[in-house]
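Novice: Residue numbers (the numbering used here), protein chains in the order written: chain A, 33 to 339; chain B, 33 to 339.
Any given hint could turn out to be false.
Copies of the same chain are indistinguishable here, so a pair counts whether it falls within one copy or spans any two.
[Unchecked claim] As a list, the in silico BS3-like pairs of lysine-lysine whose alpha-carbon atoms are at most 27 Å apart:
1) K247 with K223
2) K285 with K232
3) K110 with K285
4) K223 with K110
It is worth saying that the hints were derived from the structure and are not from the lab.
Number of protein chains: 2
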Amino acid sequence: VDEDRLPSWNDGPVKEQIIEFVRQVTDERNDDFVPPPERIATWDNDGTLWSEYPLPFQVFFAADRARALAANDLELAKEPAIAALLAGDRETLAALGEEGLMQIVVASHGNITPQELHVAALGWLGTAVHPETGRRFIDMIFQPQLELLRYLEAEGFRHYIVTGGGIDFVRTLAPMVYGIPRPQVIGSSEKVCFSVENGKGTIVKLGELRSFNDKEVKAENIAIHIGVRPLIAVGNSDGDHAMLQLAAGGEGKSLRMLVHHTDGAREWAYDREFTPSRFNLALDAAAAEDILLVDMARDWRTIWPAG
Amino acid sequence: VDEDRLPSWNDGPVKEQIIEFVRQVTDERNDDFVPPPERIATWDNDGTLWSEYPLPFQVFFAADRARALAANDLELAKEPAIAALLAGDRETLAALGEEGLMQIVVASHGNITPQELHVAALGWLGTAVHPETGRRFIDMIFQPQLELLRYLEAEGFRHYIVTGGGIDFVRTLAPMVYGIPRPQVIGSSEKVCFSVENGKGTIVKLGELRSFNDKEVKAENIAIHIGVRPLIAVGNSDGDHAMLQLAAGGEGKSLRMLVHHTDGAREWAYDREFTPSRFNLALDAAAAEDILLVDMARDWRTIWPAG
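Construct the complete structure from the given sequences, taking the supplied hints into account.
Specialist: Written out as structure tokens, the structure is:
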């Protein structure tokens, strides 16, 4: 009897197609065999590897940091997005869209070293709690995806997170909760500045957007940072569509999946009109482009880890 | 009796310091212990991992491609650097400096997909021969560095090449001769364009410089692409100094090395005035900044692999 390596996935066509795909690309006797160095899987983070409702969780971190920073910086406190954060005005925040949110993140993450950001994020992640569930944010990662990460690793895959979130924040999160090393995170980034004192160099984040890692930029950054076409690509919104289409290009098979948030009872149900990351055009294109829709209510036995 | 894991390194202070450093950072009982995910080594390529005389070898590849392309593109043939290449005018090429060379590389590498560049580079590397030694370029990699790469890997290090050379060219070279996977190459890059047809995405290199990966840009790109301070950094010119200084920053020990081309009999002897990559300011700073100088004539028993 085969051991079930994906126990949090319900039996059915989606689980079967995942396992069948992995079998085909890892079997040397199969025409679709892919050697290990090309077994690259790229993953969106927010809404794909952990929850993102009502806002990407990094925004809560940014809000907590912005509150502390704005107490000593009145100019910062006046910026529309920061003001909305401080006032708890979710409607304005949502209207500002994902790029607006990233600007908040940049403003609250700037003028520090990546190491200082890492220390701040590490402390916050250890204790911060979701306002509706009362769970720590880090306990709202998706248990079925954790199992899929480990299963694919055992089959020779290397994972990359390709996120619209800030690169240093997600580099703190990724090793801690997903077991993915820091260099395997590609994210939105600030411009950085290198300076030297007494022969010792320092990098400082400048609080100015360098790359907003969404839509076609995800595909371009995969080309620059990885240089290998993803064999598996997983997302949950229109912002991930280009990454999946990149995986579909070139020679040979690929497995492309979009997580559909259909479970209002155990998580949240949303798609086309959700901001900041709509799931609309990609949802319509899924069938024609042979993209596997992961229906959370139907396909996932568990959402979050127990306890 | 301990097995000599670096047989092409002569016994002496340099070899001893390398081995002692690795012992300290990998021994859990030592105060300088560093856990495996942070055992990152960054390597320059030209002149550090293989020879670079009289010009970085990618320039020979670019010249061969430019000849073929210029036959059908008179505008291209008129560009000063391309014209100098076609005429075999090394003096003009040298005077154009490293950024000029990169522009040639970009011009001869543009408007193709990374996969097409990979195929072209793979074919060229298999056969192209150095004009003075008669060896294939790929047989002019440094045997002592190959041993050091494997030794460090066995001690839990992950290598990144951080090169001024073109990212896609070096991504073809690195797995082939150094055993370093494609994603672990950071290089100079062209802007890329993503387009979609029938749901399938394609990346095209635009023949326009995006990032010239030299000097402080090497340090900045390490921050963006790796996000972990290098524990070991190895270079051979002023263009690598910032990378070594980044390794020296932050907490804890680091090992920084510069290869000094001192062996006119077995390789070539050059440093301060060499173009396109001078070794001048970094050579003067080495002692004060505790940078280990690898003297090729003194420290290396073998230069290139046998045969």
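Novice: Run every hint past the structure and note whether it holds.
Specialist: To see whether the hints hold, each was checked on the structure:
no.: 1; hint: K247 with K223; verdict: both (20 Å within a copy, 16 Å between copies)
no.: 2; hint: K285 with K232; verdict: between (47 Å within a copy, 12 Å between copies)
no.: 3; hint: K110 with K285; verdict: neither (51 Å within a copy, 43 Å between copies)
no.: 4; hint: K223 with K110; verdict: within (23 Å within a copy, 36 Å between copies)
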